[in-house]
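Residue numbers (the numbering used here), protein chains in the order written: chain P, 1 to 265; chain W, 1001 to 1164.
Simulated from the structure, these hints should not be mistaken for laboratory data.
Quantities reported herein were computed from a predicted structural model and do not represent experimental measurements.
Each residue gets a CB set at the ideal place from its N, CA and C atoms; glycine is no exception.
Don't take each hint at face value.
Straight-line C-alpha distance at most 20 angstroms; calculated EDC-like pairs for lysine to aspartate or glutamate [as the list claims (entries may be wrong)]:
hint, chain 1, residue 1, chain 2, residue 2
1, P, 8, W, 1041
2, P, 5, W, 1016
3, P, 8, W, 1018
4, P, 136, P, 116
5, P, 39, W, 1018
6, P, 26, W, 1018
7, P, 46, W, 1053
8, P, 5, W, 1018
9, P, 39, W, 1053
10, P, 39, W, 1029
11, P, 8, W, 1089
12, W, 1055, P, 76
13, P, 21, P, 50
14, W, 1156, W, 1089
15, P, 26, P, 156
16, P, 169, P, 216
17, W, 1117, P, 76
Computed list of chain W residues with no C-beta within reach of chain P, every gap over 12 angstroms [claimed, not checked]:
hint, residue
18, 1002
19, 1012
20, 1028
21, 1084
22, 1098
23, 1127
24, 1132
25, 1138
26, 1144
27, 1148
28, 1158
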Amino acid sequence: MYPFKYQKAATVRGAVSLLGKAEDPKLLAGGHTLIPTMKQRLASPKTLIDLSGAGLSGIEQKGRNIVIGAMTTHAEVAASPVVQQAIPALARLAAHIGDPHVRHRGTIGGSVANNDPAADYPAALMALGATVHTSKRKIPAEEFFAGMFATALDEDEVITKIAFPVPGKAAYVKFPNPASRYAIVGVFVAKKGSQVKVAVTGAGSGGVFRHTAMEEALAKRFNPKSLEGVATPAADLNGDIHASADYRAHLVGVIAKRAVAAAMA
Amino acid sequence: MPTVTLTVNGRSVTADVDARTLLVQMLRENLHLTGTHIGCDTSQCGACVVHVDGKAVKSCTTFAVQCQGAEVVTIEGLAQDGKLHPMQEAFREHHGLQCGFCTPGMIMAAVDIVNRKGAVDEATIREELEGNICRCTGYHNIVKAVEAGAQAMTGKVPARQAAE
Chain P
1 MYPFKYQKAA TVRGAVSLLG KAEDPKLLAG GHTLIPTMKQ RLASPKTLID
51 LSGAGLSGIE QKGRNIVIGA MTTHAEVAAS PVVQQAIPAL ARLAAHIGDP
101 HVRHRGTIGG SVANNDPAAD YPAALMALGA TVHTSKRKIP AEEFFAGMFA
151 TALDEDEVIT KIAFPVPGKA AYVKFPNPAS RYAIVGVFVA KKGSQVKVAV
201 TGAGSGGVFR HTAMEEALAK RFNPKSLEGV ATPAADLNGD IHASADYRAH
251 LVGVIAKRAV AAAMA
Chain W
1001 MPTVTLTVNG RSVTADVDAR TLLVQMLREN LHLTGTHIGC DTSQCGACVV
1051 HVDGKAVKSC TTFAVQCQGA EVVTIEGLAQ DGKLHPMQEA FREHHGLQCG
1101 FCTPGMIMAA VDIVNRKGAV DEATIREELE GNICRCTGYH NIVKAVEAGA
1151 QAMTGKVPAR QAAE
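Kindly generate the complete structure, drawing on both the sequences and the hints.
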């Protein structure tokens, strides 16, 4: 790992100011993607700005939204009675990221900002219609994710919290890589009133995406059977040593059916 | 060079470290606490698991500077007054090790599981040990040891077994 300068922000404003002044900075949340990336020399920021002291951790229910601070760990989301009660699918998703030790450090803000194409949280944000609150604005999930490892965030922008509207029914099912536990395919299904959203992670070459053909079929009738015959074109999907694009396309159909069944249970 | 002050196994320690120093490096190289191992160095294997403020973390994926002011417990801090911790005793009793390389991380993870979940059954233990890899594949006795250690720590048998 190349050397860097470590700075710790006491507030969000402080973090923004450091981002503006520091040489080649990166924000440090839980570090569970950034540190391995720096070890491999795939990233070599000159400055790391630690957000752990900026007061960005916590979970609360605000009206019909569950609001989760950016530095809240996966373990905290998984164990939160508020999340378990209002959006059990989200608590379950958090409980299956990585392993227990990873969940004690990894954060929702870090995961969302990184937008790994195989990460779990982006699917939840897209399907639930979440809003990303930052140091300067509010960004709907739909506009936030901008392709593999890319987001709408500016260089001097810090995610502060994420607001999830409480759905009527929701479920997330993933087909994890047996070694890394990252999603080979993960599907988050959410139904609110008559609207159904289906978000797919792990499969798309541009990162997380909405499966509109499935959404239309499920809006007519919310049942796994509605997905029979709904095609998932393999052309825009990832293929790698773990799974070909054709296999991922097949998995999207299977996992989506399981997610709808789980949401109905 | 940043100065880091933290409590390790109840003792306050201060060290000047390069910012890129991982917690596991500080423990092993500055404090000579070599019980914590570096296995894969890619946050997969769990040989480096220690407790930071009461939670099991992978010390190969944590910078020492992130632990400023934290309470760290390593495998060396479990035994009290020359007496093994009940989880260590259970690993010895059930031979929960073969080569022993993964053992410190396994035991720290096991204590964390019991702290969070109490007396746990076999299925829960296997699921919770997801982040700890034994290259000897000696999981059978490890799971038995964790089960016994959990009972010794809590004085309870797991709910599912008690019902049988």
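Here is what the structure says about each hint:
Distance hint between residue 8 (chain P) and residue 1041 (chain W) is unfulfilled; the C-alpha atoms sit about 25 angstroms from each other, more than 20 angstroms. Taking the CA atoms of residue 5 (chain P) and residue 1016 (chain W), the gap is about 14 angstroms. The hint holds against a cut of 20 angstroms. Between the alpha carbons of residue 8 (chain P) and residue 1018 (chain W) the distance comes to roughly 15 angstroms, so the proposed pair stays at or under 20 angstroms and holds. With a C-alpha separation of about 23 angstroms, the suggested pair residue 136 (chain P) and residue 116 (chain P) falls outside the 20 angstroms cut-off, and the hint is violated.
Only pairs whose Cα atoms come within 20 angstroms are accepted, and residue 39 (chain P) paired with residue 1018 (chain W) is accepted, the gap being roughly 15 angstroms. Restraint check for residue 26 (chain P) and residue 1018 (chain W): the C-alpha separation of about 17 angstroms stays at or below 20 angstroms, so the hint holds. For a cut-off of 20 angstroms, the pair hint linking residue 46 (chain P) to residue 1053 (chain W) is broken: about 28 angstroms separates their Cα positions. For the hint linking residue 5 (chain P) to residue 1018 (chain W), the alpha-carbon distance of about 9 angstroms falls within 20 angstroms, and the restraint holds.
Distance hint between residue 39 (chain P) and residue 1053 (chain W) is unfulfilled; the C-alpha atoms sit about 25 angstroms from each other, more than 20 angstroms. Among the hinted pairs, residue 39 (chain P) with residue 1029 (chain W) is consistent with the structure: their alpha-carbon atoms are about 18 angstroms apart, no more than 20 angstroms. Straight-line distance between C-alpha atoms of residue 8 (chain P) and residue 1089 (chain W) comes to about 41 angstroms, which puts the hinted pair past the 20 angstroms bound. For the suggested pair residue 1055 (chain W) and residue 76 (chain P), the alpha carbons sit about 12 angstroms apart, so the restraint of at most 20 angstroms is met.
Of the supplied pair hints, the one linking residue 21 (chain P) and residue 50 (chain P) holds, its CA atoms being roughly 15 angstroms apart against a limit of 20 angstroms. Proposed proximity of residue 1156 (chain W) and residue 1089 (chain W) is supported: the alpha carbons are some 17 angstroms apart, at most 20 angstroms. This hinted pair checks out: residue 26 (chain P) and residue 156 (chain P) have alpha carbons roughly 10 angstroms apart, not beyond 20 angstroms. The suggested pairing of residue 169 (chain P) with residue 216 (chain P) holds, with an alpha-carbon distance near 16 angstroms, which does not exceed 20 angstroms.
Restraint check for residue 1117 (chain W) and residue 76 (chain P): satisfied, since their Cα atoms lie roughly 14 angstroms apart, inside the 20 angstroms limit. Its beta-carbon lying about 6 angstroms from the closest one in chain P, residue 1002 (chain W) breaks the requirement of being farther than 12 angstroms from that chain. Against the 12 angstroms criterion, residue 1012 (chain W) stays outside the reach of chain P, whose nearest CB is about 20 angstroms from its own CB. Consistency note on residue 1028 (chain W): stated as away from chain P, and its beta-carbon is indeed over 12 angstroms from all of that chain's, at 16 angstroms minimum.
Listed as a non-interface residue, residue 1084 (chain W) keeps its Cβ farther than 12 angstroms from every Cβ of chain P; the least gap is roughly 23 angstroms. The Cβ of residue 1098 (chain W) sits about 21 angstroms from the closest Cβ of chain P, beyond the 12 angstroms cut-off, so the non-interface label holds. Consistency note on residue 1127 (chain W): stated as away from chain P, yet its beta-carbon is not over 12 angstroms from all of that chain's, at 9 angstroms minimum. The Cβ of residue 1132 (chain W) does not lie farther than 12 angstroms from every Cβ of chain P; its closest approach is about 8 angstroms, which violates its non-interface assignment.
No Cβ of chain P comes within 12 angstroms of the Cβ of residue 1138 (chain W); the nearest lies about 19 angstroms off, and the non-interface call holds. With a closest Cβ-Cβ approach of about 20 angstroms to chain P, residue 1144 (chain W) is found to remain outside the 12 angstroms limit, as its non-interface label requires. Once the 12 angstroms rule is applied to beta carbons, residue 1148 (chain W) is consistent with being away from chain P; the minimum gap is 20 angstroms. With a closest Cβ-Cβ approach of about 18 angstroms to chain P, residue 1158 (chain W) is found to remain outside the 12 angstroms limit, as its non-interface label requires.
Of the numbered hints listed earlier, those contradicted by the structure are 1, 4, 7, 9, 11, 18, 23, 24.
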